[in-house]
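J.: Got chain A sorted already, so can you dock chain B onto it with the hints?
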Amino acid sequence: MSIITNKETRVVIQGGPAGVSAAKRMAEFCHLSQIPFNVFVFPPSAGKTNEIAFGSTLVSVPIFKSVAAATEVFPEINTSLIYIAPNRAFAGTMEALDAPNIKLVSMITEGVPEKDAKQLRIEAEKRNKVFNGPSSIGVISAGESRLGVIGGSYDNLMLCKLHRQGFGVITKSGGLSNEIMWICSQFADGITTAIGIGGDTYPGSDFVTYLEKFEDDLQTKVVVMVGEMGGDLEEKAATWFGEKKRRIQLIAVVSGYCQEQLPKGMKFGHAGAKEGLHGEGSARNKAEALKAAGAIVPDTFGGLGPAIKAAYEEILASGALEGKEELAPRHLPRTIEETIKDGDVFAEPLIKSSICDDRGEEPLYNGYPASELIDKGYQIPHVIGLLWDKRLVTPVEAEIIKRIVILSADHGPCVSGALVTIIGACAGISMAQAVAAGMIMIGPRFGGAVTGAGKWFSYGVKNKMSVDDFLTHMKKNVGPVPGIGHRVKSLRNPDKRVKSLIAYVKSTGIPTPHLDFALAIEEKTTAKKDTLILNVDGTMAAILVDLRFPVDALNGFFILSRTIGMIGHWIDQKREGSRLIRLFKYLANYTSHKKRAVPPLDS
Amino acid sequence: MAKVLEGPGMRLLSKWGMAVPNYVVITEAAQIDNLSEANPWLRECKLVVKAHEALGGRMKLGLVKVGLDLDGARAAAKEMIGKAVAEVTISQVIISEMVEHDEEYYLAVTSTRDGAEILLTSMGGIEVEANWEKVKKLAVPLGADPDMQALTDLAKDAGFDEALLPRVASFANKLFKCYDQEDGSYLEINPLVRRSSNGELTALDAVTMVDGDARFRHPDWNFNFASEFGRPYSDNEKVIMDIDSKVKGSVKFIEIPGGDTALLPAGGGASVYYSDAVLAMGGTLANYAEYSGDPPDWAVEALTEKVCALKGIKRIIVGGAIANFTNVKKTFSGIIKGFRKAKADGKLEDVSIWVRRGGPFEKEGLAAMKVLEGEGFDIHVYDRYTPLTDIVDYAIVGGGK
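Chains A and B are the protein sequences, given in the same order.
Heads up: the first sequence is residues 6 to 608, going by our numbering.
Heads up: the second sequence is residues 6 to 406, going by our numbering.
Just chain A, with the same shape it has in the complex (with noise of 0.2 Å):
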């Protein structure tokens, strides 16, 4: 048994993302009972559903635009949960307090003004119906309904023994609901119902609303009230007890006893916790009139326990409670993240990654925070050091690879890879897609060559060949040297960025036996012909095989340069508006048949 909540309960939250959240709390606690979940949301996004983890399965949520659309479809809801920020809560209260079957609405909103709540009271009333909060914390009745995210997390669900039945429990502050809900399973037999009324100084629901309904509710033995200064609901709450002879005891504390020695007008507590404006609803007072009403007073919180332990074990004497049946709990599932935590499963891993690890609160390159590479002064070549070959390259290493990124950045607009990139711009089609169709371009005729001239490079020098023994090898085995030849350049009019680069490379003292190999094999193809110069792949391979750079890595250092230049013509393009551009026809040489009959299809 229960009061205003229980296994029929059937919920509408209205509400975005905090609605969602209280959703998933109330589905555990609908596991950890072993009883249905049937909860339905209207956050903004109506028609779509929110998926909630309930055990081991996920149950799809409907959304709706508003509480009528959801009573429509599920007429068997009688209970809102309000979720909705401060200025709109009057009116969605208003919404759920207007549906024929909701007869319970329950508002975890704080910041709502006092008249609004005061409003929405009387027309609860109006209506028959229960408004319980602002500011509430929910309404939890053990073992048959959870409203809200009262109970907190599931590991006390079970410590508080909510699965089961007890003790009946009002608050005004959601935390200390919580607090008292774990004092009755440790000193009693849990609770029945636990309701948060919300610390506002005019909520909804008062005490003595409850107080009556927990009278009628024969398995509440016991209501456990939790007060504070301000207000006159605990003087109320202590008329109705002490009327007439009530079947419930009640055990009450109050707080704000503080207030005797702090400043006169100092706010603390709840927006509901202030004196009156002539020393009525303070702490003394209200303790007094409680106590004289016949309820179980303690003087502090601390006195709560032994207070309950008592009236416990008064119920146990007098059997009461012979006969309940003992209900396990049952236990969350557990993700697959926390049974591998906890050694309990071994899952095989699918990819594996030994240069970066993002596990962490940042990514690690090879092991170093990315931010404190950036705090240290290092640069992008130290970054593809670490990523590329799992080390970091010395200063020249790193002037060296910045030097070939330059070079390689950009050959203007003509060359494959930039005109497929700018092709792509002018048809309209994204960066990442025109970039790519560039990126396409980059094979054994342009760009590509770096990792097979270095392959070839470090297969001569490792065989310590001759330049004569590595050509002739070639020339019978392999094909034209990769790295060797230019279509414009020649002895003549030498690449200058290559010039550039080999100076440098060798004024720097690193060993270069590749790049030595490489300048030999030039001085003989140039004998035979003046274009089969060493071009910029097979020195940048050279070099970067001196550097011990993986073979498989080479083809890297240009896609990566060239990149940027590519990014540039995308963005060039889309900067100066450029439109849809076609072959012009005389540009194309068309050799095709003349136009003739088509022949009759052959049956």
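Everything labelled a hint here was simulated from the structure, so no lab data went into it.
In this text, all values refer to a predicted model and were calculated from it rather than measured experimentally.
Beta carbons are placed, not taken as given, at the ideal position from N, Cα and C, and that holds for glycine.
A few of these clues could be false.
To be verified - Straight-line C-alpha distance at most 25 Å; calculated DSS-like pairs for lysine-lysine:
hint, chain 1, residue 1, chain 2, residue 2
1, A, 346, B, 334
2, A, 504, A, 494
3, A, 272, B, 253
4, B, 243, A, 269
5, B, 335, A, 29
6, A, 272, B, 251
7, B, 352, B, 319
8, A, 269, B, 316
9, A, 529, A, 501
10, B, 253, B, 346
11, B, 8, B, 243
12, B, 368, A, 29
13, B, 375, A, 346
14, B, 316, A, 272
15, B, 257, A, 272
16, A, 314, A, 296
17, B, 348, B, 243
18, B, 334, B, 368
19, B, 8, A, 269
20, B, 334, A, 29
21, A, 241, B, 142
22, A, 241, A, 131
23, B, 257, A, 269
24, B, 368, A, 346
25, A, 269, B, 65
26, B, 342, B, 368
27, A, 272, B, 243
28, B, 253, A, 29
29, A, 346, B, 335
30, B, 319, A, 272
31, A, 241, B, 141
32, A, 469, A, 481
33, B, 8, A, 272
Said to hold, decoys possible - Example chain B residues on the side facing chain A (calculated, C-beta under 10 Å, incomplete):
hint, residue
34, 61
35, 185
36, 277
37, 283
38, 295
39, 298
40, 395
T.: Same frame as chain A, but now just chain B:
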């Protein structure tokens, strides 16, 4: 409930048709010269100069000067502005005309659960407290307007002369309108006077409390709310209020100089039980503080720094009930950062720290707090199995682990 200072409070009354004395608010004494050209009353009337701050007992502090002429008012303003009183610097003064009057009345509207109550007596001024039983009350249900006949009867009941009844009833009706339309919590005019010159009812002094939560529907509320406890907010309090206004959840902080026990508890409800426990155990409070609604860790860190900076504290109570949705690990990480920073700044010498908490990620949060034990902090960490306020007993009387 939020307090509005005299100047903007008078403007609200005037907006709803109630006569108030002429007044100006100035931040520099010299402003009075230009103002006196535009406002003849400044030259022609006797003047009152008051510090325009949320300070209690201004009369005793010499921050109210009456019966001045323009030169006297300028001198008084010059003396007050910039003056440091009780750790507060006066930044503005209100200069108003002295209204010659014969009798003083009392009129107020206060919010009740069912609507409002109008309070009225013809014995106003300083006598009202002593004659509280003579104050007559009229309840007005929510959504209703007070009945003019009922207001007239109220005025008659409250001891007003027959001739005055219609004017008093009409004035009360205006105050009710102001209360109702401006989301008032409590409006009090004391004294309400009759001008000797023309007999016009005038609100000489007023307490104006409105519902701060209703600010969103009052675009013309261009004033800041003032503190309600007899002194303006301190700079430290303003820093936390500013953070509070920007974050999800809340952080609250009020300083109480001279206390030996600092509070850093979670939750509006629990924080008051902790305050009670400190006083019950014979401690004195150095502050009131509270964080709730899962505020970001940096906001809790800022609050922690302010708490650690409180002068003369012997202990800090980091209490809290079992949270519903506040992440204990995350909020504690803010507190821990704050503690470490304070220690590095040489604070927290001879200060013991007492922790009790439960809620989501409580194990992780409490374990992180326990790490401070090894860093030279005098810290004592308890979990949900220690009752809520027992740490206060341990902290002040002893007996903890």
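J.: Hint by hint, which ones does the structure fall short of?
T.: none
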